[in-house]
Amino acid sequence: MLYREALNRAIDEAMAADESVVILGEDVGRYGGSYRVSEGLFAKYGAKRVIDTPIAELSIVGNAIGMAIGGLRPIAEIMTVNFSLLAMDQIVNHAAKFRYMSGGKMTIPLTVRMPGGVSRQLAAQHSESYETLYASIPGLIVLAASNATYAYHALKHAIFLNDPVIFLEHELLYPMEMEFEEKANFDPFKAEVVKEGDDLTILTYLKMRYDVLEAVPTIEKELGISVEVIDLNSLRPLDMKTISNSIKKTKRVVLVEEDHKTGGYGAEVIARITEELFYELDAPPLRIAGEDVPIPYNRTLELASIPTPDKIAAQIKLWGQNHGL
Amino acid sequence: MNSARVKTFYYLMKLGREFELAAKQEYMKGNIAGFLHLDIGQEACSVGSMQAFDKGDVFTHYREHVLAIARGMDPKVVMAELFGKATGVSKGKGGSMHLFDPTLSFYGGDAIVAGHLPIATGCAYARKVQGEKAGVFAIFGDGATNAGAFFESINIAAAWKLPLIFFCENNYYAIGTRIGWVSPFEELFNKAKNYMPAKRIDGMDVCEVYKAVTEAKEYLENGLGPYFIEAETYRYEGHSMSDNGKYRSEEEMEIFKSRDPIEKLKREAIALGIVEESYFDETDKKIEQEINEAIEFAANSPEPELNELYEDVYCKECTNVVS
Ligand SMILES: Cc1ncc(C[n+]2csc(CCOP(=O)(O)OP(=O)(O)O)c2C)c(N)n1
Numbered sequence: 001m002l003y004r005e006a007l008n009r010a011i012d013e014a015m016a017a018d019e020s021v022v023i024l025g026e027d028v029g030r031y032g033g034s035y036r037v038s039e040g041l042f043a044k045y046g047a048k049r050v051i052d053t054p055i056a057e058l059s060i061v062g063n064a065i066g067m068a069i070g071g072l073r074p075i076a077e078i079m080t081v082n083f084s085l086l087a088m089d090q091i092v093n094h095a096a097k098f099r100y101m102s103g104g105k106m107t108i109p110l111t112v113r114m115p116g117g118v119s120r121q122l123a124a125q126h127s128e129s130y131e132t133l134y135a136s137i138p139g140l141i142v143l144a145a146s147n148a149t150y151a152y153h154a155l156k157h158a159i160f161l162n163d164p165v166i167f168l169e170h171e172l173l174y175p176m177e178m179e180f181e182e183k184a185n186f187d188p189f190k191a192e193v194v195k196e197g198d199d200l201t202i203l204t205y206l207k208m209r210y211d212v213l214e215a216v217p218t219i220e221k222e223l224g225i226s227v228e229v230i231d232l233n234s235l236r237p238l239d240m241k242t243i244s245n246s247i248k249k250t251k252r253v254v255l256v257e258e259d260h261k262t263g264g265y266g267a268e269v270i271a272r273i274t275e276e277l278f279y280e281l282d283a284p285p286l287r288i289a290g291e292d293v294p295i296p297y298n299r300t301l302e303l304a305s306i307p308t309p310d311k312i313a314a315q316i317k318l319w320g321q322n323h324g325l
Numbered sequence: 001m002n003s004a005r006v007k008t009f010y011y012l013m014k015l016g017r018e019f020e021l022a023a024k025q026e027y028m029k030g031n032i033a034g035f036l037h038l039d040i041g042q043e044a045c046s047v048g049s050m051q052a053f054d055k056g057d058v059f060t061h062y063r064e065h066v067l068a069i070a071r072g073m074d075p076k077v078v079m080a081e082l083f084g085k086a087t088g089v090s091k092g093k094g095g096s097m098h099l100f101d102p103t104l105s106f107y108g109g110d111a112i113v114a115g116h117l118p119i120a121t122g123c124a125y126a127r128k129v130q131g132e133k134a135g136v137f138a139i140f141g142d143g144a145t146n147a148g149a150f151f152e153s154i155n156i157a158a159a160w161k162l163p164l165i166f167f168c169e170n171n172y173y174a175i176g177t178r179i180g181w182v183s184p185f186e187e188l189f190n191k192a193k194n195y196m197p198a199k200r201i202d203g204m205d206v207c208e209v210y211k212a213v214t215e216a217k218e219y220l221e222n223g224l225g226p227y228f229i230e231a232e233t234y235r236y237e238g239h240s241m242s243d244n245g246k247y248r249s250e251e252e253m254e255i256f257k258s259r260d261p262i263e264k265l266k267r268e269a270i271a272l273g274i275v276e277e278s279y280f281d282e283t284d285k286k287i288e289q290e291i292n293e294a295i296e297f298a299a300n301s302p303e304p305e306l307n308e309l310y311e312d313v314y315c316k317e318c319t320n321v322v323s
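Residue numbers (the numbering used here), protein chains in the order written: chain A, 1 to 325; chain B, 1 to 323.
Isolated chain B, as found in the complex (with noise of 0.2 Å):
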């Protein structure tokens, strides 16, 4: 733990929550439809990876506000995306779940759940084959790790020592399937731990994700293969705006929210007198501020021209195909 980068876990994983937070008003408003699903509670996941992950290419699932602000894009145009707006990332067409940027490497909100990792696998094959040494990162759920496509990732990441880290988020429940009702354990680490290393760690702490994502980024660089890594998190939500999330008990809810990953780091950082307690204030106006900014962006966004509907159905060179 230093002064600067507590500074910016802090920073990232608070504008994060505060998005968030907006993103639920103006949902409720109306501003937002469709489906929408919070990361509150989970941030540490979500900026300690980014954090650490920084150079390589990144996939992700439906969950993806928070990491995509982590890794660097502007809250403005993923709000302007929740929007519809024709100044969000994917011009109003992908909305929450799909908020794509390639110059960031940022492959992301792929809503068919683990659809994502065969195709992370197979960027990190192309990340080997050019001799590339940051690889991928791929995000999922506890869900996803009961599909398919995941036992095949793992296993073929594997057997070519692949540059790729599965970093499951476990938050316990699939909607509202607890993970151990559809698993043979809740621990799944243990699904990948003959293929890769593989270890269970504190996704509530963001110095511990952004350590272990440090160290796989590090088995990777070497050439080692893939790595796995479980991350034990909660979220705060419901699945999506239209799951209460009522399946889950209180006391279960107290005891994450006892372990808030952005409440943690600062009581931490304060009694270690890393970080004055001032800077907190002063962020968190900052924050506020930022927040504002990207709803009246979002909200004073053009909507999209009515001609974009057949836009990027193809390259522009292939459109000749089908007229």
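If we strip away everything but chain A, and leave its shape as in the complex, we get (with noise of 0.2 Å):
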């Protein structure tokens, strides 16, 4: 199955279970969602329940909070993460806080989803990760889906959590072919173990565990070791009880990701790991992410920018040098 069309049928279901979900965003409804994730819905759902807007982000959001307010279940599309920063305040401002602030009086059924990450030479404002500025957020969940398994059941379970979610998708993802499972009891908040080994462990999520998965034959061989693979799918909460299983096991960490390294995601998950386990690490946690720069146009340049299985072997495998591997 297409990973978009995972989405798709996550969100069909739900809004055929259910007639107060709905689903707002640019061109979602005649155009078929720009990603063509929305295809097909608003001729079977029409114009009340799989909504136009313009292109004006803090509105999507804040009209799709004040949906849930009035008693439906919106899921919000915003086209690539970057225009999410339009929408910010209502979601850090609003959704996030109206059940803190009234006391818990208010519940914001509310899925914000949008695609991020570096494709293909879109340039600067079209590239970005910004994964760690909503796992910063209290109120917040978020998600973030790399394979059509993941994306089908967390999206479903997202739509009819009571709470604010962020649903993260990667725009490499959205056109691949992927294996799907049907699953019973899926828990979304629980990261999954891709690959087992002994030796090391690497944590990532959304398009880099692709590759990672391709980087890790040849630290297998290189090293000599066998590694495991971590998704953690869900960044807010983090499943620590899983990477604390494995890290007890391997005793050395790896996180690699997208974003930019300073203030990235993995530097929180790093720091945790830290704080929980140090005395568990035989050596100290490498960090792999995005280059502290914009992303750039040319490709090469933005290859250079964002790991790659090339680099993240190549710099795994001088860490372990380095670290008695």
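These are calculated hints, taken from the structure and not from any lab test.
Among the hints, a few may not be true.
Derived lysine-lysine pairs resembling DSSO-like cross-links, with alpha carbons at most 30 Å apart [stated by the list, open to error]:
(1) B:Lys246 with A:Lys48
(2) A:Lys311 with B:Lys29
(3) A:Lys261 with B:Lys316
Derived coverage of chain B by chain A (criterion: at least 3 residues anywhere in the stretch with Cβ under 8 Å from a Cβ of chain A; other residues may be distant) [as the list claims (entries may be wrong)]:
(4) 181-187
(5) 294-307
Just so you know, these numbers come straight off a predicted model, no measurement behind them.
Quick reminder that beta carbons are idealized off the backbone N, C-alpha and C, glycines included.
Please assemble the complex out of the two chains, which come individually in their own frames, going by the hints.
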């Protein structure tokens, strides 16, 4: 199943199951979504539930919050995470805080979907990874879907949760053909052990999962070790239990993310690991992240600005050799 | 209409169109990537406005190749930017959506819809404070007039009587969303008319665009405040290369193609006997050569050096702050 089809199916089933589920955003209706995630839904559910909005991100999210207060279950689509900055006030000052400020009297069953990351030469204003901004806000749940199975189950879950969820997707994943599994009792807050191993834990999420998996055979061969790979899935809350079980076994941890290194989401994860698991570690943790520069247009520079399978393998090899592997 | 002006209009519009057609081809060959927003059909807006607004500062959105060329940017450095080469106007770091040249007072290619409008407003404030009369020109699409930044900008510009021309290219569609679906009316000058003089013009007619912008410029120069122009126009291509534009009808397309700005100018100039027919053929040949040179220049230019990745994040003097 294509990744975007998994998302489409989740929305479709949620809309079929519950009349209060609506989707709104730029081009989501008649056009079918700029990444075709909402394809077919307009014909099926009509303009009242599949809502084409003006280019006004603050209002897309703000209206969605109001719809939620009014009794609907809105899914707001933001075309690219960069544009979500225009909606940041509504997300951070309103969606995330109403429940707390009202002493628990308000619930905001809102899902805000947005794709991000570096695609192909879209330049600095269309290439960011802002998960760290949202994952730092109490009151928000932040999920990052790297594969069709998780995308489908977690999105359905998010839609029916009563808290505001930031649901992160990656632009390069939409057309990817992926395995798909129906799951009973799915827990979207659980990290996935993608590959088991004994000597090193690599933590990652979103598209970097695939770059890491591509690098793993080289790493295993060159260092003569076995590597465990964990996809975090849920960035807030973070599944420290799965992380901790793995690190207690492997004693070493590397985090790979596409975001800029300074203040990237990985900084938080590694800080928590250092706080909670310091004495389990046999080596200082390694962070592999994007460079601290806006993303350039030129393809060579663009690839130089983010981790790639080759760079991941080379950096881990060097780090491993320097730290007793 | 006079001969020299018609010739300039024709040359620039045709140069723009051929540039776009060539860019489209180079995109298909894989020499250009990312988002490529073509201006084909809308050349009268870019050329007429830049010919009239020849002095002050220009702020634009991402559909800006022809605007940049009409402003005086060399097609070579524009093409090289599209190719992502070191010789590109933004050193290959910006690409199609980001063509900046302060020496031409061209602050171009903002890829956040309406993001440049408050910035244009601020620049107009600076120019007013400095006693500069030429003012600022901001160009944007119909979709941008639904953004908060648009309403905030017309309000501030009007409140402070800033020298700013708001130029809206109403091509009816924001990607696949028709303006009438998400706005209470399709004639967008209505949004500004309580704030400033606001008029709707034929954006498929380069002379009309030129005339309207000239009038607006005079208004600015007299210190009367901002001015809003809505130019009705049409893009023949999809929103960008990844969009086939299928949401529009053939009939609608045909209506606008029959009003094609380049053909129209040529037809009228010949009918009125202002320009001899041979001029057009000669110009077309010259343009063909110019476009070939631009592609050759772009293709043969070097890639940026790898260490360019870290350059231009800060001014040199500041770099020690972060290292
Ligand atoms: C804030 C923001 N939201 C969404 C987008 C995605 N987007 C890019 S262009 C566009 C349509 C803009 O249409 P319009 O303003 O009419 O200009 P045109 O492309 O027709 O010239 C959209 C929605 C964006 N770039 N920025």
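Hints and how they fare:
At most 30 Å may separate the alpha-carbon atoms for a hinted pair to count; lysine 246 of chain B and lysine 48 of chain A meet this at roughly 23 Å. Between lysine 311 of chain A and lysine 29 of chain B, the direct Cα distance comes to roughly 28 Å. Compliance with the 30 Å bound is thereby established for this hinted pair. Of the supplied pair hints, the one linking lysine 261 of chain A and lysine 316 of chain B holds, its CA atoms being roughly 21 Å apart against a limit of 30 Å. Figure legend: the region 181-187 of chain B, annotated as covered by chain A; annotation consistent (3 residues with Cβ-Cβ distances under 8 Å, at least 3 required).
Figure legend: the region 294-307 of chain B, annotated as covered by chain A; annotation consistent (3 residues with Cβ-Cβ distances under 8 Å, at least 3 required).
Of the numbered hints given earlier, the model fails none.
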